[in-house]
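Read left to right, the sequence shown gives residues 1 to 302 (full-length UniProt numbering).
Just so you know, the hints here were simulated from the structure itself, not pulled from any lab data.
One or more of the hints may lead you astray.
Stated by the list, open to error - In silico BS3-like links for lysine-lysine, alpha-carbon gap of 25 Å or less:
1. 59 / 228
2. 285 / 6
3. 64 / 54
4. 216 / 228
5. 44 / 294
6. 59 / 211
7. 228 / 253
8. 54 / 285
To be verified - Pairwise CB distance ranges (calculated):
9. 92 / 136: 32 to 42 Å
10. 75 / 155: 41 to 51 Å
11. 136 / 90: 27 to 37 Å
Every residue, glycine too, gets a C-beta built ideally from N, C-alpha and C.
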Amino acid sequence: MFYSIKDKLNRYRFSYTCRQVFNTAPVTAGTDQPVAVLTQLQHKDLTMFLVAIKTFANKVPLAKIFIINDGSLTAADQALLRSHLPIADIHDRTQFSVAGCPSGGCWERLLAIADFVKDYFVIQLDSDTLTLTDMPEVNECIATNTGFVIGTWDNQEIESMTVSSERVQKNNAPTMDSHVQMLAESRFINLDDCENLRYVRGCAGFSGFPKASFDKQFIVDFSRKIEKEIGAKWHQWGSEQVMSNVVVANLDKSMVLPHPKYTDCGRMKIPGTCFVHFIGECRFKTSRYADLAKNAIQALLG
């Protein structure tokens, strides 16, 4: 209960500080190339998402925005989104549920990407992100149809799934009580095709999927295999991030964005950092998120 009250207060403070985002120009098509952002959105993150998408679109031209309604967006929310994001389509998350995959926990978001990637370069952009400066690496990935993911440490690379799994087993020895990501990664080694696959411990909150780069069946097949290894644990929060990382790592062309140029709020180094993911543990710990967002909004206003 205390966390809920504190979270509501922090979100109110953020929204108040960033209220000028509602005076910024709508996001219109900035390219005729098939480039889209996709996000799953909840009512309480509306202001955060407008800050995220408007600062991002200012640096990366978009043709389309896909918003997956988690079920909490009101009619007023959707009208507001359409006025600020006229290139956006809003879909209900339930239309992307697929047998053989977990439901909830952002799984419908990834499955929606699998649908829209047939026609677009799709960029998954979480609401709690902020673009600060130019992102040449992202624009280059789009130009060359290369996948990307925001990483976790400096000089990180996509690696063999076998190597990744063995390292997790050695360093952490996960059990069925461990976090689903640690447990799943440790069991990769048991999969028949593990030696032919790759993996990256990235973040699903900011990932790029090139047009026509993968299909939904890859997700369904892998999900079924890992569920046989860890059972109902695979249905816990966090498994979608594992699956997203598997997809990105096994694209024909993909890369880890340079860290800490692209990073989370615990590792950012201003002014070198151009993109920040304000994950929960440090999102509202200080006023840094709101202050940086306010400055970015002022830049949009000119």
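Hinted pair residue 285 and residue 6, Cα distance within 25 Å = holds (11 Å)
Is it true that the CA of residue 54 sits at most 25 Å from the CA of residue 285?
-> holds (24 Å)
Okay, residue 92 versus residue 136 on CB: inside 32 to 42 Å?
-> Cβ of residue 92 to Cβ of residue 136: about 36 Å, so the range 32 to 42 Å holds.
Please work out if residue 228 and residue 253 have their alpha carbons no farther apart than 25 Å.
-> violated (29 Å)
Can the restraint linking residue 64 and residue 54 be considered satisfied, given a maximum Cα separation of 25 Å?
-> Within the cut-off at roughly 13 Å; holds.
Given hint residue 211 paired with residue 59 - CA-CA distance at most 25 Å | holds (20 Å)
When you check the alpha-carbon spacing of residue 216 and residue 228, does it fall within 25 Å?
-> Cα-Cα ~19 Å, so holds.
When you check the alpha-carbon spacing of residue 44 and residue 294, does it fall within 25 Å?
-> holds (18 Å)
Could one say that the CB atoms of residue 75 and residue 155 fall in the range 41 to 51 Å?
-> Holds, since residue 75 and residue 155 (Cβ atoms, about 47 Å apart) stay within the stated range.
Holds or violated: residue 59 with residue 228, Cα cutoff 25 Å?
-> violated (42 Å)
C-beta pair residue 136, residue 90: status relative to the range 27 to 37 Å that was hinted | At 31 Å between Cβs, range holds.
Going down the numbered hints, you'll see the structure goes against 1 and 7, while the others check out.
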